[in-house]
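Could you build all of it, start to finish, from the sequences and the hints given here?
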Amino acid sequence: MTVVFDGIASGLLLFLISVGLSVTLGLMNFVNLAHGSFAMLGGYICVILLNRHGMPFLAALPIVTLASALAGVVLERTLYRRLYGASHLDQVLFSIGLVFMSISTAHYFFGAQQQPLQLPPMLSGQFNLPGVDIGVYRLFLIVVGLSIAVALQWMITSTRFGAQLRAAVDNPRAARGLGIDVDRVFVLTFALGSALAGLGGALGVEMLGLDPEFPVKYIVYFLIVVAVGGSGNIKGSLYASLIIGICDVAGKYYVPQIGAFVIYAVMVVTLIFRPQGLFGRSAAK
Amino acid sequence: MRHLKKSIVAAAFTLAASLPALAADPIKIGLVLPMTGPFAAYGKQIEHGVKLYLATKGDTFGGRKVELIVKDDAPGTAGDVSKRLAQELVIKDKVDILAGFGLTPSAFAVAPVATEAKKPMVVMNAATSAVTTKSNYLVRTSMTLPQITAPIATWASKNGIKKVFTLVADYGPGHDAEGQFKKTFTAAGGEIVGEVRAPVKNPDFAPFLQKIKDTKPDAVFIFLPPGAETIAFMKGFTERGLTAAGIRLIATGDLPDEDILEAIGDAALGLITSFHYSEAHKSPENKAYTEAYYKAYPKDRPNFMSMGGYDGMHLIAEVLKKTGGNADAEKFVEAAKGMKWTSPRGPISIDPVTRDIVQTIYIRKVERVAGKLQNVEFDQVNEFKDPGKQ
Amino acid sequence: MSMPPSSVDSAFSATPLRDASRWHPAEYAFWVLPVLAYFVFGENLSLLSQIAIAALFCLSLDLILGYAGIVSLGHAAFFGVGAYAAGLLAKHGWGDPLLGLAAAAAIAAAAGFVTSFLVLRGSDLTRLMVTLGVAVMLYEGANKATAFTGGVDGLQGVEVKPILGMFSFDLYGKTAYWYSLAVLFVMFWLARRLVHSPFGLSLRGIRQNVGRMPAIGAPVNGRLVAVYTIGAAYAGVAGGLLTQTTQFVSLDVLSFSRSAELLLILVLGGTGRLYGALIGTMVFMTAHHFLSGINPQYWQFWLGAALVLVVLFARDGIMGLLQKLGTRWTKPA
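Protein chains in written order, with the working numbering: chain P, 1 to 285; chain F, 1001 to 1390; chain G, 2001 to 2333.
Because the hints were derived from the structure by calculation, they are not lab data. Even for Gly, the Cβ is constructed at its ideal location relative to N, Cα and C. Careful: at least some of the hints might be erroneous.
[Claimed, not checked] Derived DSBU-like pairs (lysine-lysine); straight-line CA-CA distance at most 35 Å: (1) F/Lys1118 - G/Lys2174; (2) P/Lys217 - F/Lys1134; (3) F/Lys1337 - F/Lys1389; (4) F/Lys1389 - G/Lys2091; (5) F/Lys1134 - F/Lys1331; (6) F/Lys1057 - F/Lys1118; (7) F/Lys1118 - F/Lys1094; (8) G/Lys2091 - F/Lys1337; (9) F/Lys1331 - G/Lys2174; (10) G/Lys2161 - F/Lys1134; (11) P/Lys235 - F/Lys1211; (12) F/Lys1057 - F/Lys1295; (13) G/Lys2161 - F/Lys1331; (14) P/Lys217 - F/Lys1182; (15) F/Lys1295 - P/Lys217; (16) F/Lys1287 - F/Lys1321; (17) F/Lys1299 - F/Lys1028; (18) F/Lys1372 - P/Lys217; (19) F/Lys1216 - P/Lys217; (20) G/Lys2161 - F/Lys1389.
[What the hints assert, rightly or not] Computed beta-carbon distance windows for the label pairs: (21) G/Gly2217 - P/Ser87: 21 to 31 Å; (22) F/Asp1093 - P/Leu146: 56 to 66 Å; (23) G/Thr2286 - F/Lys1282: 50 to 60 Å; (24) P/Ala265 - G/Asn2295: 32 to 42 Å; (25) F/Lys1282 - P/Val150: 50 to 60 Å; (26) P/Thr159 - G/Ala2145: 49 to 59 Å; (27) P/Arg82 - G/Trp2094: 51 to 61 Å.
If you want it as structure tokens, here you go:
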């Protein structure tokens, strides 16, 4: 039982750190490999607020989210928007450039070492139910992750903004013709993606650590979630994260010899049978 | 940094004033280190140690002024890059001595260059036992993996630990540590009740921790590359209540490295390790060393890597003093063999047979000292040679 | 660095096939450069040979990405397979370099053939991730098999015999340079013939319009499998070369960062032009070398800034830029 719980928590951690990419890559169709840089930014802001200003962890999270969103807006206005029409490969090149710059910048300001983060007592420790040990922080991750998934899914499918966004991505010209302010929709969505990345980074520090290499270290995980889930799909990312998390934890528990292969094997097998991902639109470009 | 520069300049001036006649060629030392990428912290610390030595002990060795050339061999695990840089240092920059080497593959790949170019090679970190066998001109001033692993196994067997679960990162050094621990521990009558090799890149230790919890050993021996994985494991260990369940945690001392100790936080308290250097080592040499370190690098903490760099420079300085500034590889190695000195880490010497380091290995426990987490030494094994070569 | 003023490719669509495959004078000039470099940068030969090897590796990706449109984030898999094949052969006594390269090519081609069936379907993202997955699993496998590959410590005891029994590898890297360069040239020449052959044209057709190719009788899957296999063989040769010139194999040959950097270099240079791969490698590795020499700790920042600027102001990579300049020069005349 504990294995299943840990798997779910592990999956939601994956979801939290990659959901921002599902938004930018999946919804806006922009290959933003610098997603990890936004996550790292969130992580560093969180660490600074906690360690230098003594702010409580839970109070810091909203600030982190806002700050990352703001950084997203600034970069979108100055740089990203120029590349919406560019090919995917150009976007890759561009965002990798940003990743390199962010690594050096973090290195310069914070040094190469891991950053410390102390969770408040109410979020650490473990309590035991019959047959299952529940880590408090893991439970917290599950709750936050699920709330975000539900909120996002609702926003995209059931709100006016969600409809505008889908229209703007599918056909910007027609959307403009219908009076949708495509520019505004894109900047808001990008801000949302960055905010989620920052939040995911801050929540992930406890388990993933934080150093300047963060953006490249976990890039593979972000991409796996989005690819397996199918792009343009929050629900898909959630299910993909859960499947990968549970398979990974169970694989390592029962057959530790193949521990390193599980995630990748799950991904390759899924993509062989469903090249568009679990919930991908088959008409994707 | 400014302090450091000032003192270097000051040192240079005094020397220039006192030795006007001895205008010998500078001695060029090429440092091959990972300065960026995942192991950037290694390069930084080693470079700190090297520069600190020059700043505090003077930068003229055997009458020749030291000129440092640093090359970034990031990622540090790509032998082809390290080898190319070493070749360039020899051919283009005409260095007299090759030094540095954060990781084993880099040392392995460069060793043939040292042999062919007949240049002394001073290894300041790379810890795989076999490194020193790859060139006759190679001397090591850091440690070897078996050397820091065996003492903790011996200590465990003598201190009421009968059943041990081993968890190592699934790569070469992890396998070596696992092998050495098992050998020493079972020879002393201990029992290995479980062993796991965790993937090197492993963000979540939950399944392994759960397995350990279900096995209920007396202690867990871990070997993980220092970094995010170590932190995740240590935090998970406490979170899952393994400490509370009476399971002790033992490891090699690179795990609670001063660089990441604060990032692990209180979860590290009580961890027992064996290692050759601790910032908290009590000796006048170490006191002077750590004070100078904080003065030069207030943002970082002295650790074993900067120590390896510092002692590497000390070795080069002493050898050149002995040879009168002659850095010929044969003469250099002859002079280095059997050399003994008291380093900030304690008494050390160079084994005349293997050219590897012989040093005291300490058993330490993580405690909070004056608000800082420290590895406090409470036991030791004197003049311990690398058991990997016996 | 002098560059060819106009590319072979720009003329392609307008002129008959024969003209396109004919060597342009600028190409002769281009191949004089590495010979000149030997005399000018004689102290940097090991860097130059690694540039030649990386260029060959990049060429292999250009074959599958630039000509067949298969994006890969795991091309280091074949580079690594080739590197280990050559390394293990040499370690166990078969140290003849040319034999080693042949073996590297053959084994990498086999690996390419087997995995090619995985990349036939799917979008760019799917292909990126499948190739990445395969490469990462190979990496983990090589990492675990320490007895066989040396794991992360690297494969040692690679003893390479003199080339053709005459030229042994020296400290200055002279032999290594000429050897790498010769192999690069031969492989380039072959690749050039390949892409101008009917086979190469059918690949472009597939890239441009998959739906229509079967209609003119070109088997799409068969062609993709073939080119993927050839690309893998090329990467294998590059890996084998690296092993032989450094006499060491580190696990890093299979790493994700090697694949990612390769893709970066190719996009930077410009895809689908062969010369884009070569020039991209030259520019990238030289920039990397100088920046990291000047500023060992923070050079990545400047490299990143350069990439961002290239995308913002020079789409289509360096070759695209050159082509634009080239047409501007030649057209008015």
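Each hint, compared with the structure:
1. F/Lys1118 - G/Lys2174: Holds, at roughly 19 Å.
2. P/Lys217 - F/Lys1134: holds (32 Å)
3. F/Lys1337 - F/Lys1389: Holds - the C-alpha atoms of F/Lys1389 and F/Lys1337 are around 17 Å apart, at most 35 Å.
4. F/Lys1389 - G/Lys2091: OK: F/Lys1389 and G/Lys2091 at ~23 Å, within 35 Å.
5. F/Lys1134 - F/Lys1331: holds (18 Å)
6. F/Lys1057 - F/Lys1118: Given pair F/Lys1057, F/Lys1118 holds - Cα atoms ~27 Å apart, limit 35 Å.
7. F/Lys1118 - F/Lys1094: holds (12 Å)
8. G/Lys2091 - F/Lys1337: holds (31 Å)
9. F/Lys1331 - G/Lys2174: It holds: about 29 Å lies between the C-alpha atoms, which stays within 35 Å.
10. G/Lys2161 - F/Lys1134: holds (19 Å)
11. P/Lys235 - F/Lys1211: OK: P/Lys235 and F/Lys1211 at ~32 Å, within 35 Å.
12. F/Lys1057 - F/Lys1295: Status holds; Cα separation ~15 Å.
13. G/Lys2161 - F/Lys1331: holds (31 Å)
14. P/Lys217 - F/Lys1182: Satisfied, since the Cα-Cα distance of roughly 32 Å is no more than 35 Å.
15. F/Lys1295 - P/Lys217: holds (33 Å)
16. F/Lys1287 - F/Lys1321: holds (25 Å)
17. F/Lys1299 - F/Lys1028: holds (29 Å)
18. F/Lys1372 - P/Lys217: holds (29 Å)
19. F/Lys1216 - P/Lys217: holds (33 Å)
20. G/Lys2161 - F/Lys1389: holds (30 Å)
21. G/Gly2217 - P/Ser87: 21 to 31 Å: holds (30 Å)
22. F/Asp1093 - P/Leu146: 56 to 66 Å: Distance hint for F/Asp1093, P/Leu146 holds at roughly 58 Å.
23. G/Thr2286 - F/Lys1282: 50 to 60 Å: Distance hint for G/Thr2286, F/Lys1282 holds at roughly 51 Å.
24. P/Ala265 - G/Asn2295: 32 to 42 Å: holds (41 Å)
25. F/Lys1282 - P/Val150: 50 to 60 Å: For P/Val150 against F/Lys1282, whose Cβ atoms are near 57 Å apart, the range 50 to 60 Å holds.
26. P/Thr159 - G/Ala2145: 49 to 59 Å: Holds, at about 53 Å.
27. P/Arg82 - G/Trp2094: 51 to 61 Å: Roughly 54 Å apart at Cβ, these two residues keep to the hinted range, so it holds.
Consistency with the previously given hints is maintained throughout, with no hint failing.
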